[in-house]
Amino acid sequence: ATFLSVLAASSASSAAQTDVFDDHPKHMKIPGVASELYGEPSKYESHVKRLPEHVYGSSIITAAFTPIDQLNGIITPAGLHFVVHHNGIPDIEPSDHEFKIHGLVHKPLKWSVESLLNYPMVSRVHFLECAGNSGPNVIADAPMDMTCGQIHGQISGSLWTGVPLKYLLDEVGIKPNGKWAMCEGADSGNHVRNIPLQKLYDDAIIALYQNGERIRPDQGYPMRLFVPGYEGNMNVKWLHRMEISDIPSQSKDEQSLYADITADERVKQYSFNMEVKSVITKPSGKQQLPMSGFYEISGFAWSGRGKVQKVEVSADGGKTWALAHLEGPIMSKSLTRFTIPWRWNGQKAIILSRAMDEYGNTQPTRQEWVSRYARYSHGHNNSINAWLVSNNGRVSNFYV
Amino acid sequence: ATFLSVLAASSASSAAQTDVFDDHPKHMKIPGVASELYGEPSKYESHVKRLPEHVYGSSIITAAFTPIDQLNGIITPAGLHFVVHHNGIPDIEPSDHEFKIHGLVHKPLKWSVESLLNYPMVSRVHFLECAGNSGPNVIADAPMDMTCGQIHGQISGSLWTGVPLKYLLDEVGIKPNGKWAMCEGADSGNHVRNIPLQKLYDDAIIALYQNGERIRPDQGYPMRLFVPGYEGNMNVKWLHRMEISDIPSQSKDEQSLYADITADERVKQYSFNMEVKSVITKPSGKQQLPMSGFYEISGFAWSGRGKVQKVEVSADGGKTWALAHLEGPIMSKSLTRFTIPWRWNGQKAIILSRAMDEYGNTQPTRQEWVSRYARYSHGHNNSINAWLVSNNGRVSNFYV
Amino acid sequence: FDEIQTNSGKTLEQKEIDSWSITVYPNGRNLPEGSGNALQGERIYQDKCLMCHGPNGEQGVAPRLAGELGYPEWSNHPLLALTVGAWPHATSIFDYIRRAMPHQSPKTLSNSDVYALTAYILSLNDLIEKSTEMNRETLSNIVMPYKTKSYNAWEVEEQGRLNVIEPPQE
Amino acid sequence: FDEIQTNSGKTLEQKEIDSWSITVYPNGRNLPEGSGNALQGERIYQDKCLMCHGPNGEQGVAPRLAGELGYPEWSNHPLLALTVGAWPHATSIFDYIRRAMPHQSPKTLSNSDVYALTAYILSLNDLIEKSTEMNRETLSNIVMPYKTKSYNAWEVEEQGRLNVIEPPQE
Ligand code: HEC
Ligand code: HEC
Ligand SMILES: [Ca+2]
Ligand SMILES: [Ca+2]
Ligand SMILES: [Ca+2]
Ligand SMILES: [Ca+2]
Ligand SMILES: [Ca+2]
Ligand SMILES: [Ca+2]
Ligand SMILES: [Co+2]
Ligand SMILES: [Co+2]
Numbered sequence: 001a002t003f004l005s006v007l008a009a010s011s012a013s014s015a016a017q018t019d020v021f022d023d024h025p026k027h028m029k030i031p032g033v034a035s036e037l038y039g040e041p042s043k044y045e046s047h048v049k050r051l052p053e054h055v056y057g058s059s060i061i062t063a064a065f066t067p068i069d070q071l072n073g074i075i076t077p078a079g080l081h082f083v084v085h086h087n088g089i090p091d092i093e094p095s096d097h098e099f100k101i102h103g104l105v106h107k108p109l110k111w112s113v114e115s116l117l118n119y120p121m122v123s124r125v126h127f128l129e130c131a132g133n134s135g136p137n138v139i140a141d142a143p144m145d146m147t148c149g150q151i152h153g154q155i156s157g158s159l160w161t162g163v164p165l166k167y168l169l170d171e172v173g174i175k176p177n178g179k180w181a182m183c184e185g186a187d188s189g190n191h192v193r194n195i196p197l198q199k200l201y202d203d204a205i206i207a208l209y210q211n212g213e214r215i216r217p218d219q220g221y222p223m224r225l226f227v228p229g230y231e232g233n234m235n236v237k238w239l240h241r242m243e244i245s246d247i248p249s250q251s252k253d254e255q256s257l258y259a260d261i262t263a264d265e266r267v268k269q270y271s272f273n274m275e276v277k278s279v280i281t282k283p284s285g286k287q288q289l290p291m292s293g294f295y296e297i298s299g300f301a302w303s304g305r306g307k308v309q310k311v312e313v314s315a316d317g318g319k320t321w322a323l324a325h326l327e328g329p330i331m332s333k334s335l336t337r338f339t340i341p342w343r344w345n346g347q348k349a350i351i352l353s354r355a356m357d358e359y360g361n362t363q364p365t366r367q368e369w370v371s372r373y374a375r376y377s378h379g380h381n382n383s384i385n386a387w388l389v390s391n392n393g394r395v396s397n398f399y400v
Numbered sequence: 001a002t003f004l005s006v007l008a009a010s011s012a013s014s015a016a017q018t019d020v021f022d023d024h025p026k027h028m029k030i031p032g033v034a035s036e037l038y039g040e041p042s043k044y045e046s047h048v049k050r051l052p053e054h055v056y057g058s059s060i061i062t063a064a065f066t067p068i069d070q071l072n073g074i075i076t077p078a079g080l081h082f083v084v085h086h087n088g089i090p091d092i093e094p095s096d097h098e099f100k101i102h103g104l105v106h107k108p109l110k111w112s113v114e115s116l117l118n119y120p121m122v123s124r125v126h127f128l129e130c131a132g133n134s135g136p137n138v139i140a141d142a143p144m145d146m147t148c149g150q151i152h153g154q155i156s157g158s159l160w161t162g163v164p165l166k167y168l169l170d171e172v173g174i175k176p177n178g179k180w181a182m183c184e185g186a187d188s189g190n191h192v193r194n195i196p197l198q199k200l201y202d203d204a205i206i207a208l209y210q211n212g213e214r215i216r217p218d219q220g221y222p223m224r225l226f227v228p229g230y231e232g233n234m235n236v237k238w239l240h241r242m243e244i245s246d247i248p249s250q251s252k253d254e255q256s257l258y259a260d261i262t263a264d265e266r267v268k269q270y271s272f273n274m275e276v277k278s279v280i281t282k283p284s285g286k287q288q289l290p291m292s293g294f295y296e297i298s299g300f301a302w303s304g305r306g307k308v309q310k311v312e313v314s315a316d317g318g319k320t321w322a323l324a325h326l327e328g329p330i331m332s333k334s335l336t337r338f339t340i341p342w343r344w345n346g347q348k349a350i351i352l353s354r355a356m357d358e359y360g361n362t363q364p365t366r367q368e369w370v371s372r373y374a375r376y377s378h379g380h381n382n383s384i385n386a387w388l389v390s391n392n393g394r395v396s397n398f399y400v
Numbered sequence: 001f002d003e004i005q006t007n008s009g010k011t012l013e014q015k016e017i018d019s020w021s022i023t024v025y026p027n028g029r030n031l032p033e034g035s036g037n038a039l040q041g042e043r044i045y046q047d048k049c050l051m052c053h054g055p056n057g058e059q060g061v062a063p064r065l066a067g068e069l070g071y072p073e074w075s076n077h078p079l080l081a082l083t084v085g086a087w088p089h090a091t092s093i094f095d096y097i098r099r100a101m102p103h104q105s106p107k108t109l110s111n112s113d114v115y116a117l118t119a120y121i122l123s124l125n126d127l128i129e130k131s132t133e134m135n136r137e138t139l140s141n142i143v144m145p146y147k148t149k150s151y152n153a154w155e156v157e158e159q160g161r162l163n164v165i166e167p168p169q170e
Numbered sequence: 001f002d003e004i005q006t007n008s009g010k011t012l013e014q015k016e017i018d019s020w021s022i023t024v025y026p027n028g029r030n031l032p033e034g035s036g037n038a039l040q041g042e043r044i045y046q047d048k049c050l051m052c053h054g055p056n057g058e059q060g061v062a063p064r065l066a067g068e069l070g071y072p073e074w075s076n077h078p079l080l081a082l083t084v085g086a087w088p089h090a091t092s093i094f095d096y097i098r099r100a101m102p103h104q105s106p107k108t109l110s111n112s113d114v115y116a117l118t119a120y121i122l123s124l125n126d127l128i129e130k131s132t133e134m135n136r137e138t139l140s141n142i143v144m145p146y147k148t149k150s151y152n153a154w155e156v157e158e159q160g161r162l163n164v165i166e167p168p169q170e
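Going down the list, the protein sequences come from chains A, B, C and D. Under my numbering, think of the first position of the first sequence as 1, with each following residue one higher. Under my numbering, think of the first position of the second sequence as 1, with each following residue one higher. Under my numbering, think of the first position of the third sequence as 1, with each following residue one higher. Under my numbering, think of the first position of the fourth sequence as 1, with each following residue one higher.
In short, the hints are calculated from the structure, not lab data. Computed from a predicted structure; not experimentally measured. A hint or two may mislead.
Selected chain B positions facing chain A (in silico; Cβ < 10 Å) [to be verified]:
#, residue
1, Asn72
2, Val122
3, Leu169
4, Gly173
5, Pro283
6, Lys286
Here are the simulated lysine to aspartate or glutamate pairs, EDC-like style, with alpha carbons at most 16 Å apart [as the list claims (entries may be wrong)]:
#, chain 1, residue 1, chain 2, residue 2
7, A, Lys179, A, Asp246
8, C, Lys149, B, Asp260
9, B, Lys29, A, Asp91
10, A, Lys307, D, Glu166
11, D, Lys10, A, Asp141
12, B, Lys307, C, Glu166
13, C, Lys15, A, Asp19
14, B, Lys29, A, Asp260
15, A, Lys199, D, Glu158
16, B, Lys49, A, Glu36
17, D, Lys147, A, Asp260
18, D, Lys10, A, Glu98
19, B, Lys107, C, Glu13
20, A, Lys29, B, Asp96
21, B, Lys166, C, Glu3
22, D, Lys15, B, Asp23
23, A, Lys199, D, Glu155
24, B, Lys29, A, Glu93
25, A, Lys43, B, Asp260
Here a beta-carbon is modelled for each residue, glycine too, at the ideal position from N, C-alpha and C.
With the sequences and hints as input, model every part of the structure.
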């Protein structure tokens, strides 16, 4: 007998209940439900979703941002990791996918998904940021009233596990004149980015797992390239081919979309690193402080070049700054959470954060950043961000 | 116009296709689909699910293990975190839940979920392990042929973010004779565990986020207690009440289920720490090595007392041992991934791992462990685990 | 910027504390009014408990309520090697039944029902007579046979400290 | 236990390499046979491209294929401030159309179609005459106006090194 069979009989049980349980809510009186085989968030959190964006009105190009203002810590659940797809998410059967290296190599080789799963792997916590993240704050002349996720949500953090590229490059044997790898995805647009072999030898991996489980279709299943600290677009999803070359192939995205246009209208190509940056997620745009009193200011900082060294926070529009607490572990090219206690006195306040990385790199002001680029150029914005807290506790996007 | 409207017209496009694309699979020719607002794993990974267990044939008590052999890294996706629920998963509206502290305190207080969300928080990567994990390997006289997840899958790792208990304990003010906290959940059985205040002041948190997002119903939504390194059952889910006391209340689970019975049949209560342990997840039970050659042995180690100091691996049944590589970051009371390259010569091999923590604690052999406890007692098994690789590459559970 | 000292907790009134305080302590603290004996308990048991816990607290699919530690003849399930008969504290039986049983409809028993069921389980374990009344007073005086065979590892092995072994020097 | 030296890659045959090698390089390497001019391209464009990219490569919802950098009169969308007219390399136009366009049915054009469409886009940008044939040879000789205004930050600013700034001393 299992309890399933006695359930009906027993629910017609005694009603001689003692008074002490009168105030106890229903969920303390009725047994709960069983676990799902693959769990899901609470239905009371169903507002926490990716924030979709439309690009060129295309139904194929899809972008969706991470609601970073609704989250905490330095890991983004895979289901909420931001995505930008120029050709949609392909449906790839693992048996229908091979990874190939050819070009300036001694032995062109290919690997099945299965064989790479048996390869030696590393696991690293890294951020991934789209070059276009925080674009609205340099494009718009006046600050737009949006949430932190809507403005800055093209950043996420994950534990990425996979095979270091260096093993595979050694297996094929690079010829002396090989300097670049043309990295191609198996999506319908065969997305291409060219990456210096130096970087691939340094810390790039073929990522097979994200946050412990196999990467999902929207992250490149069955495999993606991961180049820590480099702009999101270079982390080629559905990676299926690398052609080793002496020169970059100059792909579509390297001509315009992921190039920056300088103030004097030169086309700056191949700026790979996402530079040191920080953003306060709490409190942030469109949030509401219920009353004056004690709060925590919390956010994260990161640098595509290495570790975050320090984060400073100002609550008076940048006049004075205080050192925030860095919540460890502080890892290279990873989100680093910072916190600082704050007593809000119920008056208008302007809160800002600025980060420095281990190389001493700092964030420019918005004004400095904007002066460097053409008015419409908006990639790689790592300038200092600010939020205005009004005297009624409403938080909104602000330019200092 | 959006592209949606031109899709139909255009798919009737030219068929004058060039030869070069003949061998390209369908997914490189047809645009992919858009992103989901809350993403999901690949349909080709649908076998990667929690492994449900039946306890007393109850439909209310539900347990489901993490398929750790299918995963990698040190983070478990929340949807695959192991669960054990004695009274099912309650459906709790956040507005229907308060956290209360009373008993031996100066000012009994309560907090709404909303107000705790505005409190200062910390984020820590920690393991969570059920006291009953790996039970089959001490209960069964001969090794059972099961997967690593089926035997050892009551362990998971997450980034937990929440409010340190110490702030709340200071807010209520503990009276001098307060030594224990009776911690109660808001499930239908009002689960209770008693915890020394020392621990709560040290590193316990009210966890509000897991792996970045709000904790899910099956992890205690809207809040759970997290006591790093202590047995899973003490991390009271749906936490709603703490009563500060001079003595523990001696709850049901403290009488039997989570007590260990010693070899001389004494009832050992209140052994909180999950001791140092390790398990090889790859290769592991029921897996198959396709052919002799180069492999990576990979697994994780942990200790409820602090950091993992070292892990040694043997491939000859324990005759010789080699130091495994520890994949950082090495964090206190956290899963720590270890890896070691291995050349399988196609002959029978017995692989084992043993860990040491920063205090010098080590894992007992199975024989040592079993000699300490009553034959049916199976909680807190941290003995050394082994896998047998047969000469045809079949991997199975093994006792050394 | 300030030091961290939180202060948003709201006062919890005595009335509220009373309404939530269902936890009973081994010294009898917080045991409620009411009483019952094993004869009364047996009837309730047959109606509401026997289907899962079996006749005389044995041979059910649910935990054993009587007997000694060790595999019973009729099962080699490790969870059924355990038994309420080996619980160190009798108050825990009352506390648990009141909050959690019957499994599928908890918190539906009156305090006197719970006393009666506790008395019945104690009588199944030969610890009291069937007619002995259990209440606040008498229940707290029961000494369970395994009381002296139980020990608190936190106090005995850990010396009531977070770390018996000193952290290693860096 | 061994050093890490992997060896499970399988030989990739030349035939396979040829079937996957669709990437064209700025020096014209890997440009295929075939040819086409803007007159031919214009007809294909009107049939398969105009609906998204607009007449003369402007005023569509999709990227601008002609003109100079900067907001056009008809849009202040930052993505439409960009234009294929400002691409540093003409071969990239061929490469991208062949692999990815038309957006909803990529890889359906013949190589000659792609040459013709590339020719049409170049003519829209006043870089060639409508009758000029584009093929392997002629396409690789096109010098885009922004070629001299483009630079490689990896080489110029990073000096082709992973870290221009030395890591700080511990
Ligand atoms: C529908 C099945 C079912 C019914 C009816 C039921 N129980 Fe239980 N009982 C269980 C299960 C299952 C457990 C184990 C709960 C757990 O492990 O959390 C349990 C546990 C107990 C325990 C603790 C035993 C231990 O070792 O953990 C006691 C005491 C108990 N029940 C008494 C009763 C009484 C008294 C009644 C009737 C008023 C009753 N039960 C009715 C299923 C049932
Ligand atoms: C259904 C709409 C649609 C059709 C039809 C279409 N395109 Fe496109 N085209 C796009 C979109 C959207 C992009 C941007 C793709 C991206 O950003 O990844 C694009 C990009 C391009 C680009 C690169 C522009 C840039 O700056 O990124 C070229 C060149 C191009 N298309 C040429 C063509 C040609 C030639 C045809 C016809 C054979 C065509 N397109 C048909 C929608 C379309
Ligand atoms: Ca579901
Ligand atoms: Ca197929
Ligand atoms: Ca730009
Ligand atoms: Ca879905
Ligand atoms: Ca309600
Ligand atoms: Ca036990
Ligand atoms: Co829309
Ligand atoms: Co079953």
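To see whether the hints hold, each was checked on the structure:
1. Asn72: holds, 4 Å
2. Val122: Holds: closest Cβ of chain A sits about 6 Å from B/Val122, inside 10 Å.
3. Leu169: Violated. Min distance 16 Å.
4. Gly173: Constraint on B/Gly173 not satisfied, violated at 17 Å.
5. Pro283: With a closest approach of 9 Å, the B/Pro283 hint holds.
6. Lys286: violated, 16 Å
7. A/Lys179 / A/Asp246: Distance of about 5 Å is within 16 Å: holds.
8. C/Lys149 / B/Asp260: holds, 12 Å
9. B/Lys29 / A/Asp91: holds, 11 Å
10. A/Lys307 / D/Glu166: Within the cut-off at roughly 14 Å; holds.
11. D/Lys10 / A/Asp141: violated, 55 Å
12. B/Lys307 / C/Glu166: holds, 14 Å
13. C/Lys15 / A/Asp19: holds, 13 Å
14. B/Lys29 / A/Asp260: Judged against 16 Å, a Cα distance of about 30 Å means the pair is violated.
15. A/Lys199 / D/Glu158: holds, 12 Å
16. B/Lys49 / A/Glu36: holds, 9 Å
17. D/Lys147 / A/Asp260: Holds, at about 14 Å.
18. D/Lys10 / A/Glu98: Answer holds: D/Lys10 to A/Glu98 is near 10 Å, not above 16 Å.
19. B/Lys107 / C/Glu13: holds, 10 Å
20. A/Lys29 / B/Asp96: holds, 14 Å
21. B/Lys166 / C/Glu3: holds, 14 Å
22. D/Lys15 / B/Asp23: holds, 11 Å
23. A/Lys199 / D/Glu155: holds, 13 Å
24. B/Lys29 / A/Glu93: holds, 15 Å
25. A/Lys43 / B/Asp260: violated, 38 Å
Figure legend: structure checked against the earlier numbered hints; hints not met, in rising order: 3, 4, 6, 11, 14, 25.
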